[in-house]
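Whole structure, please, built from the sequences with the hints as guidance.
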Amino acid sequence: MAHVAVDPNDKEAVMIEKTGYDDHFHDHHHGDKYQSNFISHYIFSMDHKIIARQFLITGIFWAIVGAAMSIIFRLQLGFPEADLQWIKPLLGKWIVVDNGIGSLSQEFYYALVTMHGTILVFFVLTAGLSGTFSNLLIPLQIGARDMASPFLNMLSYWFFFLAGAVMFYSLFLNTGPFSGGWTGYPPLSALPQASTGSGTGMTLWLISLTLFVVSVLLGGINYITTILNLRTKGMSMWRMPLPMWAFFVTAVLGLLSFPVLASGFFMLMFDRGLGTSFFLNEIFIQGQALDRVGGSPILYQHLFWFLGHPEVYIIILPAMGIVSEVLSVHARKPIFGYQAMVLSILAIGFLSFIVWAHHMFMSGVNPFLSNFFVIFTLIIAVPSAVKVFNWITTLYGGNIRFNSAMLFAIGFVSMFISGGLTGIFLGNSAIDIQMHDTYFVVAHFHIVMGVAAFFGMFSGIYHWFPRMFGRFMNETLGRIHFWGTMIGAYAIFWPMHYIGMAGVPRRYYSFDTFESFNHFGPMNQFITIAAIIVFGLQILFVINFFYSIFKGKVMTEKNPYGANTLEWTTPIEAGHGNWPGKIPVVHRWAYDYGKDGREFIPQIEPMASDEVAGDH
Amino acid sequence: MKVAAIEQKSFRNRIHPHKFALYVAFASIIMMFGSLTSAYIVKNAAGNWLEYTLPNYFYASTAVLILSSVCLHISFNSFKSNKEAAYKILLLCTFALGITFVTLQYYGWNALFNVGVDLKASVSGSFLYLITGLHAAHILGGIAAILVAIVHAFTLPFVVTEKRKVRFQLVLHYWHFVDILWIYLLIFLLVCK
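Chains A and B are the protein sequences, given in the same order.
Counting with the working numbering, you get residues 1 to 616 for the letters of the first sequence.
Counting with the working numbering, you get residues 1 to 193 for the letters of the second sequence.
Hints are computed from structural coordinates only; laboratory data are not their basis.
Be aware that a few hints might be false.
Listed next, the in silico DSBU-like pairs over lysine-lysine satisfying Cα-Cα at most 30 Å (straight line) [what the hints assert, rightly or not]:
(1) A:Lys-551 to A:Lys-49
(2) B:Lys-88 to A:Lys-49
(3) B:Lys-19 to A:Lys-233
(4) A:Lys-233 to B:Lys-163
(5) B:Lys-88 to B:Lys-163
(6) A:Lys-333 to A:Lys-93
(7) A:Lys-558 to A:Lys-93
(8) A:Lys-88 to A:Lys-558
(9) B:Lys-165 to A:Lys-233
(10) A:Lys-553 to A:Lys-233
(11) A:Lys-333 to A:Lys-233
(12) B:Lys-19 to A:Lys-49
(13) B:Lys-120 to B:Lys-83
(14) A:Lys-558 to A:Lys-49
(15) A:Lys-558 to A:Lys-595
Incomplete in silico selection of chain A near chain B, CB under 8 Å [what the hints assert, rightly or not]:
(16) Ile-224
(17) Asn-229
(18) Leu-256
(19) Ala-262
(20) Thr-276
(21) Ser-277
(22) Leu-421
Glycine is no exception: its CB is placed at the ideal position from the N, C-alpha and C atoms.
Next up, the structure:
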């Protein structure tokens, strides 16, 4: 094999050299030519570590855009009388000036709501979260040189980029972007004449999301194949760190549910462009009957939510996996109930496919059919509760380090409990009659999959930032970011439960004509102010992120947290192929913390002769 | 840009990772056609359904497609057993049969159109064109892959290596897959009218 000089003080490298497996990877010289110039290194890179950073930074860009949109429509909801002329340089004609008072145009309000949902759900919490951490961690934690197909991996990022470019372009259309809600229900999405955004805006929305589906599929194929085929010696499925299980099930969900969305999109494209009537029946536009019969808009809802429900688990499962790992590492304790954690991930994955119609209780679905979906929806509480109890018991009696990564992981557990409990309300079809399409729903899903998933993502970014950039993020700013966001997120969404229970509908432009909702004005102002403060804190995070890439505290040792997993055995500047010499061999599970009088025992260390495996 | 494939050793099983990735992709294609056919069943049960008979072109195209699968399989076996001529000729035959399949599908659509089953007349017709059209798109993808295989066959020196066998198998398995997919779709369209 190619000679690699091993520093005798580098105990991980010595261990790998001693017990590792020689796969002759570095005998082939393509490893060195691979990242030969700027374009192949940073742009069309096929190294999973670079692709992960591409996903992350693109995700951050979209998060800022999506969050800024929410601030603009929150201004409208909190301060409907305020003069918004100062945003005119940014929004142009979408600020309508009347008697010297500028207000947000109603069409654009709906467009903002729609784009906020689309961007956050797909571009940030799917691509930005699962795309980033699946790419970064899968090869590193299972001990692989790279993904099964680095080329498809590169394509996956660039399809995502293209999807983003098309969506971004649609924001600047004269008729505005699509404005019929992020779910794109027909007939608003099927008939170009339905609203201004339903024309070119919707066409671009469809193109963008179809490209996005391609990106998810290419990524998912890679993640699944890599995890199942390229684990290093000794890394059995039951020895994988929990993020691996989470990313694996996430990829399976994406792979099986996104094609269903794609077929719904194809039918929608046919309805829009070729005059078919898959989703259209007996529609009147301005008193004129439309010559399109035989279809059913409910059919689209079924196809959409067959993706849509697994999609929320595609968002939350990676966060759960990241949190499990971070909690265990920084509590210096093995994760409690490892097998139960894995089985609950699998159970959640399975159940996510048979609950989609709980989004459609009020769409005219047969109530007897609803019963079936109510039962399975409520059963999801069981594996979710198993996970919550295991996280709490992992913390119990731990030697906890309260750093930013850990704080966000604990915050995730808090958010997941608060948001999950309201899911039990909404999962009942009877209670949903009152709650559907109110701010209660908005509060529920923002806490449980919006804020919670973001907390998981922040936790992962703070934790693996040194692995990505060789430097640490600023801890003080990180803690300010955490406490502000934790309190601020509850300040935003807690009052919304109350407003929602009173029946205030979501997505309305203004409530000034509803006598019964007038007294919520001050509460809406409070929510808006909290949202602005939280947005400011996220900007602080972004500043910390980019500042730390260049000026953060330098990482001086390979394994700064004393973690067991394989990603901390690679060199700080890990090149192509991840490990310079042999590939590490795994001898134990990933959670041997506080065992046999030792603080941690890395996975690469062979079992002592009289040692009992930690997972038994 | 240099496309450097990484050769990684798999300790896990005897399936090459690229083949495994292809099988995973089949799962997602199955989900797509599965969702279309279940949407078809739901719409069919809801009524307002125009019944039609499938033109004979579709049966002919089925025969052609099965024949092409057989051709490609024999071509692969010839490649493995060092029979260069048979390998190349049968590969070309597969390509020709693939094109014939798409052409016959086109004639089938024309025949349906001529008896009044067009894209817009009824949802039943819309479904037929969407499902068979998407399938034809997948066939075209397969034809593109076969074309690449042909370019390889006629430009690279004839050596049977493990790498080339895997590459050929990727094309072969995909082609068998879209073949079986079509048989399923045909039976489905015959059973659910």
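We went through each hint and held it up to the structure:
1. A:Lys-551 to A:Lys-49: Distance ~20 Å between Lys-551 of chain A and Lys-49 of chain A Cα, so the pair holds.
2. B:Lys-88 to A:Lys-49: The hint is violated at about 41 Å.
3. B:Lys-19 to A:Lys-233: The given pair, whose Cα atoms are some 21 Å apart, holds under the 30 Å limit.
4. A:Lys-233 to B:Lys-163: The given pair, whose Cα atoms are some 23 Å apart, holds under the 30 Å limit.
5. B:Lys-88 to B:Lys-163: holds (18 Å)
6. A:Lys-333 to A:Lys-93: violated (57 Å)
7. A:Lys-558 to A:Lys-93: violated (54 Å)
8. A:Lys-88 to A:Lys-558: With Cα atoms ~50 Å apart, Lys-88 of chain A and Lys-558 of chain A exceed 30 Å; violated.
9. B:Lys-165 to A:Lys-233: Holds, at roughly 26 Å.
10. A:Lys-553 to A:Lys-233: violated (35 Å)
11. A:Lys-333 to A:Lys-233: Roughly 25 Å between the alpha carbons, so the hint for Lys-333 of chain A and Lys-233 of chain A holds.
12. B:Lys-19 to A:Lys-49: holds (24 Å)
13. B:Lys-120 to B:Lys-83: Violated, because 51 Å separates the two Cα atoms, which is more than 30 Å.
14. A:Lys-558 to A:Lys-49: At roughly 16 Å apart (the allowed maximum being 30 Å), Lys-49 of chain A and Lys-558 of chain A satisfy the hint.
15. A:Lys-558 to A:Lys-595: The hint holds at about 21 Å.
16. Ile-224: holds (5 Å)
17. Asn-229: holds (4 Å)
18. Leu-256: Where the cut-off is 8 Å and the nearest Cβ of chain B is about 5 Å from Leu-256 of chain A, the hint holds.
19. Ala-262: holds (6 Å)
20. Thr-276: With a closest approach of 4 Å, the Thr-276 of chain A hint holds.
21. Ser-277: It holds, given that the least Cβ distance between Ser-277 of chain A and chain B is near 6 Å, below 8 Å.
22. Leu-421: At 32 Å from the nearest chain B Cβ, Leu-421 of chain A fails the 8 Å test, so the hint is violated.
Taken one by one, the earlier hints fail for this structure at numbers 2, 6, 7, 8, 10, 13, 22, listed in ascending order.
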